[in-house]
Each structure stands twice: as C-alpha cells, then as structure tokens.
Amino acid sequence: MSGGAGTELSEARYSYGGDEYVFVELAEAMSLKVNFRAMAITDRLGREDIEGVTDICPSNASYMVRIDPDVLHPDELIGRLKEIDEEVGDVRGFELNTRVVDVPVMMEDPWTHETLMRFRDRHQDPNATDLEYGARINGFDSKEGFIEALLGSPWLVTMIGFVPGLPWCYQLVPPEDQIEVPKYVRPRTFTPERAFGFGGGFAVVYSVQGAGGYQLFGLAPAPVLDVKQSLKDFEDSMVFPKPGDVFNYRGIDREEFDDVRARVEDGSFEYRIRPFTFHADRSLEDPHAYNGEILGVLYGD
Amino acid sequence: MAIRVGQPGLLTTVQDTGRFEEYAIGMPPSGAMDTFSYQVGNYLVGNEEGAAGLEITYFGPELEFTEDTVVAVTGAEMPPKINGEEAPAWEALAVEAGDVLSFDYLKSGARSYLAVAGGIDVPMFMHSRSTYTLIGLGGLEGRALQEGDELQVGKTEDRTGRVGMAVDKEQIPAYGRETELRVIIGLASYRLTEESMEEFLNTEWTVTTDADRVGYRYRGGEIKFIEREQPAGAGADQANVVDFGYPIGSIQVPGGVEPIVLMNDAVTGGGYATIGTVISADRDRLAQTRTNDKTRFRSVNLEEALEARKERRDRMARIEEALS
Numbered sequence: 007m008s009g010g011a012g013t014e015l016s017e018a019r020y021s022y023g024g025d026e027y028v029f030v031e032l033a034e035a036m037s038l039k040v041n042f043r044a045m046a047i048t049d050r051l052g053r054e055d056i057e058g059v060t061d062i063c064p065s066n067a068s069y070m071v072r073i074d075p076d077v078l079h080p081d082e083l084i085g086r087l088k089e090i091d092e093e094v095g096d097v098r099g100f101e102l103n104t105r106v107v108d109v110p111v112m113m114e115d116p117w118t119h120e121t122l123m124r125f126r127d128r129h130q131d132p133n134a135t136d137l138e139y140g141a142r143i144n145g146f147d148s149k150e151g152f153i154e155a156l157l158g159s160p161w162l163v164t165m166i167g168f169v170p171g172l173p174w175c176y177q178l179v180p181p182e183d184q185i186e187v188p189k190y191v192r193p194r195t196f197t198p199e200r201a202f203g204f205g206g207g208f209a210v211v212y213s214v215q216g217a218g219g220y221q222l223f224g225l226a227p228a229p230v231l232d233v234k235q236s237l238k239d240f241e242d243s244m245v246f247p248k249p250g251d252v253f254n255y256r257g258i259d260r261e262e263f264d265d266v267r268a269r270v271e272d273g274s275f276e277y278r279i280r281p282f283t284f285h286a287d288r289s290l291e292d293p294h295a296y297n298g299e300i301l302g303v304l305y306g307d
Numbered sequence: 109m110a111i112r113v114g115q116p117g118l119l120t121t122v123q124d125t126g127r128f129e130e131y132a133i134g135m136p137p138s139g140a141m142d143t144f145s146y147q148v149g150n151y152l153v154g155n156e157e158g159a160a161g162l163e164i165t166y167f168g169p170e171l172e173f174t175e176d177t178v179v180a181v182t183g184a185e186m187p188p189k190i191n192g193e194e195a196p197a198w199e200a201l202a203v204e205a206g207d208v209l210s211f212d213y214l215k216s217g218a219r220s221y222l223a224v225a226g227g228i229d230v231p232m233f234m235h236s237r238s239t240y241t242l243i244g245l246g247g248l249e250g251r252a253l254q255e256g257d258e259l260q261v262g263k264t265e266d267r268t269g270r271v272g273m274a275v276d277k278e279q280i281p282a283y284g285r286e287t288e289l290r291v292i293i294g295l296a297s298y299r300l301t302e303e304s305m306e307e308f309l310n311t312e313w314t315v316t317t318d319a320d321r322v323g324y325r326y327r328g329g330e331i332k333f334i335e336r337e338q339p340a341g342a343g344a345d346q347a348n349v350v351d352f353g354y355p356i357g358s359i360q361v362p363g364g365v366e367p368i369v370l371m372n373d374a375v376t377g378g379g380y381a382t383i384g385t386v387i388s389a390d391r392d393r394l395a396q397t398r399t400n401d402k403t404r405f406r407s408v409n410l411e412e413a414l415e416a417r418k419e420r421r422d423r424m425a426r427i428e429e430a431l432s
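Residue numbers (our numbering), protein chains in the order written: chain P, 7 to 307; chain C, 109 to 432.
Honestly, the hints are just simulated from the structure, not real lab data. Accuracy of the hints is not assured; some may be wrong.
[Claimed, not checked] Just so you have them, the derived chain P footprint on chain C, three or more residues with Cβ under 8 Å:
#, segment
1, 153-159
2, 351-362
3, 375-381
4, 408-414
Just so we're clear, the structure is a prediction, and the values are computed from it rather than from any experiment. Each residue gets a CB set at the ideal place from its N, CA and C atoms; glycine is no exception.
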C-alpha cells in the first residue's frame with residue numbers, strides 16, 4: 007500500500023506533548039494499514055493497564071497517550087511503546103472484533119444546503135455547491151457519480167474527537183480510489199448537528215452544532231452523540247462510534263429521513279448493527295471483494 | 109446551604125480539577141484553568157482536594173449566602189467585597205447568612221476563584237463537576253451562571269476556626285502584562301522551517317480577543333511551513349496534516365499567522381500542524397493572561413519541564429502544610 011509522496015516514515019516519530027503527553031506519529035500519510043497499526047498498538051497498550059497512563063487516544067495515522075509523569079516517566083512509556091510497535095509489526099494477520107453499522111444519510115439536504123450557501127465567501131469555489139466542487143476536483147463527470155462513490159463502499163472509523171463523539175471515517179477502497187477534498191479556506195462559524203462532512207481524506211458526522219471547516223455533503227437523521235443516553239444504542243456510552251467500527255453510509259430520501267427523525271424523537275430508533283470480525287489482510291488485498299462480504303453481513307438477513 | 113446568584117458576572121462557571129480519562133471520545137478535561145489558585149482556595153477553606161469552586165472571568169458576580177460559612181477568593185486580582193466592604197483575597201473569610209459577596213474591577217490577571225467550605229454541590233457528570241459550556245455538559249446545567257440561579261453547597265463541619273488563615277505574601281503570584289511560557293518543541297514541528305521556529309521563539313506575541321477556555325489565539329509574527337507535496341489524507345493546505353490528537357497546551361498555527369494554544373475545553377484533535385506544547389507548570393500563568401497581554405514562548409527540554417512540575421508541586425505542598 008502506498009503512503010504518498012515520500013512521507014512513509016521508516017520509523018515512528020515519538021514526541022513529548024509537554025510533560026503530560028506522548029505523541030506518536032506512525033506516518034505522515036493516511037493509509038488503512040497505518041490506522042490498523044495505531045489501533046493494534048493502542049489496543050495492546052490498553053490491555054497492559056500500565057500505572058500512570060490516563061488516556062489512550064488512537065487517531066488516524068498516529069496516537070497519543072496522556073500520562074501522569076509523577077507516576078510514569080515519558081521516556082519509560084516511549085521505551086515500552088517501541089517494543090509494542092515491534093511486536094505489532096506490519097499488522098499482518100491483524101483481526102478486529104468489531105461491528106458493521108448502517109448509517110443513513112440524506113445527501114443534498116435542505117439544511118446543510120442553506121448553511122453552505124451562507125458561507126460561500128469562505129469556500130474555494132463560491133459558484134458551486136460543496137458536492138459539485140468535490141465531484142469536479144476528484145475527476146467525476148457528475149455529482150451523481152461522486153455520490154455513488156461516497157455511498158458505494160463502507161468506511162472504517164479511524165479516530166474519534168474534535169468534540170465528543172465525532173467519528174473520522176476512511177473509506178475501505180484502494181488508494182487510487184480514495185476521495186480527497188480540501189477544508190474550507192476559512193472555517194464556518196456554524197455547522198448543523200449531524201451534518202455529513204468531508205475534509206482531507208475523511209468523512210465525518212458532526213456530533214454537535216458548531217464551527218467547522220469540512221465540505222458539507224448531507225445530513226444524517228440519527229445522532230452519533232446522545233448526551234441524555236435515551237436511545238438504546240447509547241445505553242453504555244453517550245458516544246456511539248468506536249474506533250474500528252465499519253460504517254456504511256446509505257443514501258436515503260426525505261421520506262426515510264423524516265421517518266428516522268420521528269423514531270429518534272420517540273426514542274425507538276436503533277441502528278442496524280451486525281457483529282463482524284474484520285481481517286485487515288483481506289481488506290488490503292482485495293478491498294472491493296471484501297466490501298461485498300461486509301455489506302452481505304450487514305444487509306443479508 | 110446555598111448561594112443565590114444576583115448579577116452573574118461576565119463568565120462564572122463551576123469548575124474542579126477536571127474530567128480526565130475521557131479524551132479518547134473527544135471529551136476535553138475542562139476544570140479550573142489556573143489550578144494553582146483554584147486548589148489554594150480549597151486549602152484555605154479546608155476542603156478536600158478536588159472540591160468544586162467558581163471560576164470568575166474578567167468581571168465578578170454578586171453572590172448571596174443563605175447560611176454562615178467560610179469562603180476564600182484567589183487568583184486574579186479582583187478584590188472581593190462583603191456587603192460592599194473590601195475584604196482580603198488569598199485569605200479564609202467569614203460570611204454570614206444574608207451577606208452578599210461582590211467583586212471590585214479586575215486589576216491584574218484574568219480569572220479569580222471562589223472556594224466555599226464544603227464545595228459547590230452540582231451533580232457529578234463523568235466523575236467531575238466541571239462545566240463544559242461548548243456542548244452544555246457538567247457544572248450547573250452545562251452553562252455559566254445566570255441571575256436567579258441557586259447553587260447548592262456541600263455539607264461540612266464548622267470551619268470558622270479557619271477564618272483569618274492566609275497564604276504567605278511571597279507565595280501570592282503577581283500577574284504582569286508580559287508573560288513567558290515554557291514550551292517543549294515537538295509534535296509536528298518538523299513542518300516548520302528553521303527560520304520560522306526561530307521567529308516563533310523570538311516574537312513577542314499579543315493575546316487577541318479570542319482567548320477563552322477553548323484556547324488562546326496570538327498575533328505578532330508569521331510562520332512558514334516547509335513546502336511539501338501534501339501526504340494522502342491531509343488536505344491541500346501546507347498547514348494541514350492528517351488529522352491527529354491535540355494535547356492540552358499544544359500550539360498550532362493555522363494560516364501561519366495566528367498561533368493557538370489549546371486549553372481546558374480544547375478540541376481534542378484536528379488537521380492543523382502542531383509545533384509544541386506549553387508545559388503543565390505554566391498553564392496557571394497562561395490562564396491569567398488576557399487580551400493585549402504580551403507573551404513569549406521559550407523552548408525547554410523534558411527535564412526542565414519535569415523539574416518545573418516538581419517545583420510547582422512542592423510549592424503547593426508547602427502552602428497546604430502552612431494552612432493545615
């Protein structure tokens with residue numbers, strides 16, 4: 007798997023984030039493989055339950071650990087992380103016991119459309135919508151073809167954050183099929199809650215209303231953050247996505263959007279979820295064939 | 109026992125030491141920005157470590173007490189007044205039922221802290237009482253205080269014996285308009301040219317009006333990134349990286365002209381290159397800087413940072429000892 011122009015690191019870059027954090031950049035470029043490495047390393051670190059480690063945050067091509075340096079010296083942790091890195095190696099044979107989730111999205115919805123029109127002056131192309139712009143710079147003849155690519159293959163949740171519950175998602179497709187768009191020239195001061203956005207190589211669902219710089223393509227009717235934990239999928243945590251989840255963004259029309267909204271409001275909504283063991287090797291070898299299997303597991307019954 | 113809020117001040121929130129171990133879901137710690145002043149307030153009134161108090165930003169509130177109790181005001185110089193009479197800061201004060209605590213104008217610093225015997229008793233949310241206003245969680249209904257609010261205070265034994273106990277004068281910090289913050293250079297600092305890193309460290313930066321609990325923005329210099337073909341997933345701008353985690357205290361420079369230091373209500377990750385991190389011992393002082401203050405960043409290594417951390421801890425232990 008290619009890592010982009012000269013940006014594959016032969017060795018991970020270990021760095022102190024002040025005296026309380028250790029930050030490890032595994033690669034400058036995003037790839038599925040590097041994310042699997044970040045997940046495998048942080049997963050193993052978590053299971054070791056080392057005293058003085060307070061937060062373990064896997065991210066796209068890197069990870070971060072917060073420590074109490076009075077208990078654990080950053081260099082001691084880095085020493086252990088380097089050993090774990092070697093043990094994990096190139097993640098051959100990496101398996102992830104995860105779940106595959108149906109995530110409905112209404113593309114070109116009226117609410118994000120209203121928002122993106124309001125902030126045209128902060129955009130690369132004030133005369134097109136975000137979706138038209140994304141289609142053009144990624145070499146699609148029509149926005150329909152672009153939407154088909156976005157909704158045609160599932161995604162891996164590779165990082166959670168920015169604000170509570172926001173998932174970064176990287177599509178399970180070969181590098182040459184990866185879609186990429188810049189962030190807004192200047193960030194918007196408003197983004198609707200549950201907006202489906204795209205920036206760099208990542209799709210997100212904004213968990214809360216607020217500022218944001220990702221291109222706006224649509225709106226999800228179901229939440230990723232439920233502070234009151236009133237929906238069944240949020241019984242254990244107010245945040246739904248977990249790193250390693252496989253999301254399939256499925257296009258829906260206004261009628262289904264309204265129906266899902268009504269079920270969210272009356273508390274009866276549940277995501278369609280199927281347990282799934284994700285084999286990294288198979289996804290890297292033949293992503294499209296493997297995606298067919300994944301969707302079979304999700305929608306087969 | 110309760111506190112009735114009259115005029116609420118500019119931004120007064122319930123805070124404690126913070127909400128840790130939730131960063132991986134994107135939940136920042138929140139908590140008192142200047143934990144030194146906050147914690148010394150708890151020492152003064154005899155509270156357990158971590159008891160919640162009020163963080164008072166720039167302009168103080170008017171607070172009426174329903175019962176006799178002991179309070180202390182620490183942090184920014186915003187002289188407290190009881191029923192209109194000036195009272196000392198950094199000292200345990202007696203208030204009686206019906207007394208009104210108010211504050212004079214801010215003279216130096218940015219944030220004062222009110223500690224009350226027994227601690228502010230709002231519901232715990234994810235093992236903390238700290239307010240996270242960005243999405244309205246924790247504290248009192250997830251928001252700053254408003255006129256008419258009533259804050260409950262935890263039950264406690266009689267603490268009147270503490271009245272008059274005060275922090276040693278030489279331990280009280282002075283807040284000037286010029287600050288030096290120590291940073292450990294690192295994270296994605298490889299994205300800067302050598303000249304730009306020098307410029308970053310040599311510039312006298314000015315705190316902008318965007319300086320709040322999420323982060324502090326500065327102006328005054330210009331930083332250049334090393335031109336590169338952007339790696340897969342990062343996005344086209346030279347300031348962009350493949351989105352990663354942001355430590356509390358980390359410094360990013362979107363657009364090259366506006367360094368941002370993330371603070372307690374930080375966004376936990378994103379796609380801007382970070383170039384270093386303010387050390388934990390200096391966050392107290394950073395929290396006491398305000399718009400138009402001058403700030404310089406000085407590069408230190410990990411050993412110096414850990415030494416500074418130890419000095420701060422020892423100093424707090426001495427203060428606690430002297431007040432026990």
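Results for each hint:
| no. | hint | verdict |
| --- | --- | --- |
| 1 | 153-159 | violated (count 0) |
| 2 | 351-362 | holds (count 7) |
| 3 | 375-381 | holds (count 5) |
| 4 | 408-414 | holds (count 3) |
In the structure shown, a violation is registered for the earlier hint numbered 1 alone.
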